[in-house]
Amino acid sequence: MGKTSRFGTAQLLFVLSVGILVVIVAVPMLLIFFNAFWVSGHFNVADVIRVLRQSETYEALLNSLFLSSGVTITGTLVGTFFAWLVTRTDLPLKKTMKLLFLVPFMLPAFIGALAWKMLLSPRAGYINRLFMDVFGFSSPIFDIYTYAGIILVETMYLFPFVFIQVSGALERMDPTLEESARISGADLFTITRKITIPLVMPSILSGALLIMLYSMAHFGTVAVLGVETGIYNIPTLIYEKIHQSAGSFDSIRTATVLATVLVITAAFILWLQNRVLNQGRYQIIAGKSFRPSELKLRTWRIPMLVFCLLYIGLTIVLPTVTIFMVGGLKTYGLPFVSENMTWENYRYILFEWDLTRDAIWNSVSLGLSAALITMFAGVIISYVIVKMKVRGKGILEFLGMLPFSVPGSVIALGVILAWSGKYGVNLYNTVWIILVAYVARYMAFSLKANSAALEQVHDSLVEAARASGATMWQALKDVVIPLVRPGMMAAFFLIFLPALRELTVSVLLYGPTTRTIGVAIYTLNEDGETVYSAALAGIALVIIVTGEILIKRLVAGKNNA
Amino acid sequence: MAYIELRQVSKHFGDVVAVDRLDLNIEQGECIAMLGPSGCGKTTTLRMVAGFEDLDDGEIRVGERCLSSKKKNFYVPPEDRNFGMVFQAFAVWPHLSIYENVAFPLRIRKLPKEEIAKRTEEALKHTNLFSVASNRPDDLSGGGKQRVALARALAIRPDVMLLDEPLSSLDPHFREEMRFEIKDLQRRFGFSILYVTHDQSEAMALSDRILVMRLGVVQQTGTPLEVYGRPSNRFVFEFIGLSSFIETALDADGMSIDGASYPWPNGVRPAEDIRADGRGVLAVRPFEIEFLDPAGGAGVPGVVTRKVFLGETIDYRIQVGGTEVRVQKTRRDPGPSVGENVKLGFPQPHWYRVGGDRDQESDVRNQIS
Numbered sequence: 001m002g003k004t005s006r007f008g009t010a011q012l013l014f015v016l017s018v019g020i021l022v023v024i025v026a027v028p029m030l031l032i033f034f035n036a037f038w039v040s041g042h043f044n045v046a047d048v049i050r051v052l053r054q055s056e057t058y059e060a061l062l063n064s065l066f067l068s069s070g071v072t073i074t075g076t077l078v079g080t081f082f083a084w085l086v087t088r089t090d091l092p093l094k095k096t097m098k099l100l101f102l103v104p105f106m107l108p109a110f111i112g113a114l115a116w117k118m119l120l121s122p123r124a125g126y127i128n129r130l131f132m133d134v135f136g137f138s139s140p141i142f143d144i145y146t147y148a149g150i151i152l153v154e155t156m157y158l159f160p161f162v163f164i165q166v167s168g169a170l171e172r173m174d175p176t177l178e179e180s181a182r183i184s185g186a187d188l189f190t191i192t193r194k195i196t197i198p199l200v201m202p203s204i205l206s207g208a209l210l211i212m213l214y215s216m217a218h219f220g221t222v223a224v225l226g227v228e229t230g231i232y233n234i235p236t237l238i239y240e241k242i243h244q245s246a247g248s249f250d251s252i253r254t255a256t257v258l259a260t261v262l263v264i265t266a267a268f269i270l271w272l273q274n275r276v277l278n279q280g281r282y283q284i285i286a287g288k289s290f291r292p293s294e295l296k297l298r299t300w301r302i303p304m305l306v307f308c309l310l311y312i313g314l315t316i317v318l319p320t321v322t323i324f325m326v327g328g329l330k331t332y333g334l335p336f337v338s339e340n341m342t343w344e345n346y347r348y349i350l351f352e353w354d355l356t357r358d359a360i361w362n363s364v365s366l367g368l369s370a371a372l373i374t375m376f377a378g379v380i381i382s383y384v385i386v387k388m389k390v391r392g393k394g395i396l397e398f399l400g401m402l403p404f405s406v407p408g409s410v411i412a413l414g415v416i417l418a419w420s421g422k423y424g425v426n427l428y429n430t431v432w433i434i435l436v437a438y439v440a441r442y443m444a445f446s447l448k449a450n451s452a453a454l455e456q457v458h459d460s461l462v463e464a465a466r467a468s469g470a471t472m473w474q475a476l477k478d479v480v481i482p483l484v485r486p487g488m489m490a491a492f493f494l495i496f497l498p499a500l501r502e503l504t505v506s507v508l509l510y511g512p513t514t515r516t517i518g519v520a521i522y523t524l525n526e527d528g529e530t531v532y533s534a535a536l537a538g539i540a541l542v543i544i545v546t547g548e549i550l551i552k553r554l555v556a557g558k559n560n561a
Numbered sequence: 001m002a003y004i005e006l007r008q009v010s011k012h013f014g015d016v017v018a019v020d021r022l023d024l025n026i027e028q029g030e031c032i033a034m035l036g037p038s039g040c041g042k043t044t045t046l047r048m049v050a051g052f053e054d055l056d057d058g059e060i061r062v063g064e065r066c067l068s069s070k071k072k073n074f075y076v077p078p079e080d081r082n083f084g085m086v087f088q089a090f091a092v093w094p095h096l097s098i099y100e101n102v103a104f105p106l107r108i109r110k111l112p113k114e115e116i117a118k119r120t121e122e123a124l125k126h127t128n129l130f131s132v133a134s135n136r137p138d139d140l141s142g143g144g145k146q147r148v149a150l151a152r153a154l155a156i157r158p159d160v161m162l163l164d165e166p167l168s169s170l171d172p173h174f175r176e177e178m179r180f181e182i183k184d185l186q187r188r189f190g191f192s193i194l195y196v197t198h199d200q201s202e203a204m205a206l207s208d209r210i211l212v213m214r215l216g217v218v219q220q221t222g223t224p225l226e227v228y229g230r231p232s233n234r235f236v237f238e239f240i241g242l243s244s245f246i247e248t249a250l251d252a253d254g255m256s257i258d259g260a261s262y263p264w265p266n267g268v269r270p271a272e273d274i275r276a277d278g279r280g281v282l283a284v285r286p287f288e289i290e291f292l293d294p295a296g297g298a299g300v301p302g303v304v305t306r307k308v309f310l311g312e313t314i315d316y317r318i319q320v321g322g323t324e325v326r327v328q329k330t331r332r333d334p335g336p337s338v339g340e341n342v343k344l345g346f347p348q349p350h351w352y353r354v355g356g357d358r359d360q361e362s363d364v365r366n367q368i369s
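Keeping their order, the protein sequence lines are chains A and B.
1 is the number of the first residue of the first sequence in the working numbering; add one for each residue after it.
1 is the number of the first residue of the second sequence in the working numbering; add one for each residue after it.
In short, the hints are calculated from the structure, not lab data.
Each residue gets a CB set at the ideal place from its N, CA and C atoms; glycine is no exception.
Check the hints yourself; a few may be wrong.
Unchecked claim - Calculated pairs, SDA-like style, for lysine to any residue (alpha carbon to alpha carbon, straight line, at most 25 Å): (1) Lys448(A) to Pro482(A); (2) Lys113(B) to Leu188(A); (3) Lys113(B) to Thr192(A); (4) Lys296(A) to Gln348(B); (5) Lys329(B) to Gly355(B); (6) Lys194(A) to Phe13(B); (7) Lys110(B) to Pro482(A); (8) Lys95(A) to Pro286(B); (9) Lys296(A) to Asn82(B).
Claimed, not checked - Derived Cβ-Cβ restraints for the label pairs, each shown as a range: (10) Arg109(B) to Pro303(A): 31 to 37 Å; (11) Arg301(A) to Gly142(B): 56 to 62 Å; (12) Asp184(B) to Phe105(A): 53 to 59 Å; (13) Ser38(B) to Val23(A): 42 to 48 Å; (14) Cys66(B) to Ile549(A): 33 to 39 Å; (15) Phe130(B) to Glu59(A): 56 to 62 Å; (16) Lys95(A) to Phe287(B): 54 to 60 Å; (17) Arg109(B) to Lys296(A): 23 to 29 Å.
What the hints assert, rightly or not - Residues from chain A that keep clear of chain B, each with C-beta distances beyond 10 Å, as calculated: (18) Leu65; (19) Trp84; (20) Leu100; (21) Arg182; (22) Met201; (23) Leu270; (24) Asp358; (25) Val431.
Work out the full structure, taking the sequences as your base and the hints as a guide.
In structure tokens, the structure reads:
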């Protein structure tokens with residue numbers, strides 16, 4: 001009897017896991033490919049090529065490639081330089097600097113783009129106006145509505161990918177690898193060139209590929225800064241197609257073809273990153289605990305500190321302050337003097353205006369429910385993948401890996417295709433379609449956190465519970481779940497916080513009453529309500545930063561206990 | 001004159017004294033092992049000689065050259081010291097081939113091409129790596145990697161070789177083999193070795209002289225035989241080899257254990273200052289304790305509480321008053337059984353002060369990592 005019940009539990013979990021992943025992830029993806037390649041009842045590659053050769057399509061592809069390459073190069077240089085500075089030199093306040101360089105990760109890039117638009121748009125931007133009106137420049141000093149502008153803004157928010165990877169590698173690296181080069185006669189410059197950089201190259205490359213992946217699929221910055229002057233990348237063109245077409249078959253097809261290209265590129269980048277990580281990762285972890293020798297910056301010490309502070313001031317403080325200041329203006333474009341400032345905007349969007357109140361409520365409730373659902377589904381699926389010996393697990397692993405390589409705009413498009421009534425369920429224009437998309441979007445995060453936690457739980461712990469007389473369910477409930485709770489918590493917050501500030505997915509799915517915070521900020525800006533847009537963005541920043549700090553506290557408290 | 005000279009070398013980390021006024025002379029071609037538990041300051045000393053740490057006091061010279069001097073505020077960086085060094089974690093560069101690893105220090109010195117090739121090949125041949133020279137070091141075992149590190153250190157033909165626990169990351173059976181290889185290479189090339197280890201048998205097998213350290217302070221310097229045979233204090237006695245200790249009361253004519261008086265063991269009297277304390281520690285090697293006739297008059301009585309057969313040796317625990325004494329005999333010695341009364345003789349006793357270096361036990365928290 002015991003045997004059959006265990007068999008039943010295992011099968012049930014397996015079927016449940018496959019079911020969740022197929023409905024949430026696989027079906028929408030297949031529908032995208034199907035719509036891209038299947039024209040009026042035939043498999044048709046020629047037509048895909050025709051779509052790709054339309055000028056707006058391939059321009060978007062080229063733009064995506066160009067922008068993401070540019071961001072990758074600048075972001076990698078910036079990230080590697082700062083990582084080296086905070087780990088290998090005697091820069092003052094290194095620890096604080098290290099934390100500050102991670103702050104851009106918390107902030108949504110499209111809010112940054114919004115701030116930079118307010119500062120550097122060619123005619124209305126505050127900095128440009130300052131130079132033209134006060135210093136008498138005849139033309140703007142910098143036009144943010146350009147490729148260079150987009151690359152700069154994305155770099156500010158994406159360089160931490162490289163910074164984290166490289167500073168981690170430099171910190172964990174065995175210092176005797178460098179010391180043995182020194183005793184061999186090499187000076188610090190030679191060591192950096194011939195030993196240190198080659199050894200951390202895999203980390204640099206892997207961070208660079210993450211920047212590329214993210215930038216390729218990034219909607220917000222290009223939507224805010226590029227679309228004005230006709231610079232589209234793949235996600236913004238997909239958005240354009242879906243929104244302007246009002247469901248015309250031709251535009252949906254174009255969108256699915258673009259999405260297909262995006263998925264293939266993303267999968268390729270991830271495959272490359274995996275290769276770099278698996279083959280290139282040297283065993284360079286430290287054995288002994290002597291600190292690596294720091295390069296003495298000497299006369300450069302203070303200038304470098306000033307440079308770092310300037311960088312942080314310019315890329316974090318200035319845009320944030322701008323958002324709050326503009327959000328407090330009576331009318332956009334007025335100078336920042338006290339008679340032009342008011343709290344009225346903040347009061348209005350928080351307590352009176354339905355549109356913004358709905359948006360905040362939608363984002364919070366969507367974030368909470370997506371995080372909860374995905375957390376529990378993630379535990380079950382990870383458990384089957386990591387712990388169970390069931391046949392057909394390979395499919396599950398593949399389906400579980402899929403969300404890693406699927407960008408948000410693609411998921412949104414797939415969800416539209418699957419849940420717009422064509423197959424019996426119509427969620428379009430409801431909040432549920434966004435929820436379904438969020439669960440698909442963030443499943444990867446949950447699987448990653450939960451698998452990592454489950455791998456720490458040795459099989460013998462469950463076996464000991466079973467040997468003590470517990471059923472499978474009891475072993476799960478009393479042994480496994482308590483042990484993976486930290487992983488589940490991590491999954492919850494890894495989903496809740498990004499979902500709060502999400503734009504790429506919801507902008508394709510929102511209806512009249514289902515705006516999220518991101519969508520509300522974006523559409524208000526599009527409609528010329530710059531001041532309200534900034535005020536809402538300011539409130540969003542407060543919510544996000546408070547959330548991050550609370551969670552850091554919570555996690556730190558947990559770890560200390 | 002000594003070739004390498006450390007004079008009154010001290011190093012602090014914050015309030016912690018890592019090395020306290022250390023003096024050491026090393027002759028050309030001599031091998032010195034610095035031995036001690038972790039945190040005793042031996043690695044810090046080595047790193048000061050290498051130039052990775054500066055001194056808080058004192059001076060280090062090699063030959064006519066001053067390398068570090070606190071007083072003159074003078075300090076030669078490691079890359080200009082021309083030493084060979086081998087690290088515990090191998091520190092072999094995984095992104096370079098074995099050949100390139102060994103050639104690296106020669107390339108840094110911008111030697112002519114033929115010279116680089118000649119010396120690299122020579123070093124590779126002496127370490128039996130020539131046939132695999134074009135491989136990546138990742139494929140090698142720990143012993144193989146350590147050979148690469150040795151070859152790399154040899155390539156510059158150094159006068160001084162610094163070895164920082166070079167064998168402790170290796171499998172035990174590799175360790176003994178590598179010991180002989182290092183010794184062989186030294187004989188062939190004639191360099192001096194400063195060798196850091198916490199393994200006493202390694203220190204004994206390799207070195208001409210051993211320096212025992214504890215909490216930054218040198219306890220004893222001497223040949224392996226001297227250090228083993230005449231340990232300068234209880235710490236050295238206990239750290240090197242197996243040991244048994246019995247605390248006794250002392251008077252003018254002998255010792256007393258649990259109220260019973262005995263003559264000085266084998267007639268050996270403790271030094272004046274120990275006798276003045278009225279108490280002393282009798283230290284003996286377990287193999288140097290005899291079982292005397294239990295019915296006879298001589299010897300300290302005890303009861304066998306444990307007898308374990310260890311292969312070549314038999315390990316006994318004997319309860320003597322409140323102390324447990326460890327005794328070892330070869331397996332051919334029949335010896336007493338558990339529960340039997342025995343009498344112990346101590347033909348080679350050592351006397352140490354009660355407390356003595358043990359006073360410093362509270363300093364253990366001073367240990368550096």
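Consistency of the hints with the structure:
1. Straight-line distance between C-alpha atoms of Lys448(A) and Pro482(A) comes to about 18 Å, which keeps the hinted pair within the 25 Å bound.
2. With a C-alpha separation of about 24 Å, the suggested pairing of Lys113(B) with Leu188(A) holds against the 25 Å cut-off.
3. A C-alpha spacing of about 24 Å is found between Lys113(B) and Thr192(A), which places the hinted pair at or below 25 Å, so the restraint holds.
4. Using a Cα cut-off of 25 Å, the hinted pair Lys296(A) and Gln348(B) is violated, with the two alpha carbons roughly 57 Å apart.
5. The hinted pair formed by Lys329(B) and Gly355(B) fails the criterion: a straight-line CA distance of about 29 Å is larger than 25 Å.
6. At most 25 Å may separate the alpha-carbon atoms for a hinted pair to count; Lys194(A) and Phe13(B) exceed this at roughly 31 Å.
7. Distance check on the hinted pair: Lys110(B) and Pro482(A) sit about 61 Å apart at the alpha-carbon level, beyond 25 Å; violated.
8. Simply put, Lys95(A) and Pro286(B) have alpha-carbon atoms about 54 Å apart, too far for the 25 Å limit, and the pair is violated.
9. Annotation: proposed proximity of Lys296(A) to Asn82(B) holds, straight-line Cα distance about 22 Å (limit 25 Å).
10. Checking the proposed 31 to 37 Å range against Arg109(B) and Pro303(A) shows it holds: the Cβ atoms sit about 34 Å from each other.
11. Between Arg301(A) and Gly142(B) the CB atoms are about 40 Å apart, so this pair departs from the stated range of 56 to 62 Å.
12. Between Asp184(B) and Phe105(A), the C-beta spacing of about 56 Å keeps the proposed range 53 to 59 Å intact.
13. Checked against the hint of 42 to 48 Å, the C-beta distance between Ser38(B) and Val23(A) comes to roughly 58 Å, which is inconsistent with it.
14. In this structure, Cys66(B) and Ile549(A) break the distance hint of 33 to 39 Å, their C-beta atoms being roughly 54 Å apart.
15. Range check, Phe130(B) to Glu59(A): Cβ separation about 59 Å, and the 56 to 62 Å hint holds.
16. For the pair Lys95(A) and Phe287(B), the beta carbons lie near 55 Å from each other, so the given range of 54 to 60 Å is met.
17. For the pair Arg109(B) and Lys296(A), the beta carbons lie near 24 Å from each other, so the given range of 23 to 29 Å is met.
18. In this structure Leu65(A) is separated from chain B by more than 10 Å, as the shortest Cβ-Cβ distance comes to about 30 Å.
19. For Trp84(A), the non-interface assignment is confirmed: its Cβ lies about 18 Å from the closest Cβ of chain B, beyond the 10 Å cut-off.
20. With a least beta-carbon separation of about 28 Å from chain B, Leu100(A) lies farther than 10 Å from that chain, consistent with its non-interface assignment.
21. Arg182(A), annotated as away from the interface, has a beta carbon of chain B within 10 Å; the closest lies near 5 Å.
22. The beta carbon of Met201(A) is not kept farther than 10 Å from every beta carbon of chain B, the shortest such distance being approximately 8 Å.
23. For Leu270(A), the shortest C-beta to C-beta distance to chain B comes to about 24 Å, beyond the 10 Å cut-off, and the non-interface label holds.
24. Non-interface call for Asp358(A) relative to chain B: holds, since the shortest CB-CB distance, roughly 56 Å, exceeds 10 Å.
25. No beta-carbon of chain B is positioned within 10 Å of the beta-carbon of Val431(A); the least distance is around 52 Å.
The structure is inconsistent with the numbered hints 4, 5, 6, 7, 8, 11, 13, 14, 21 and 22, although it conforms to all the rest.
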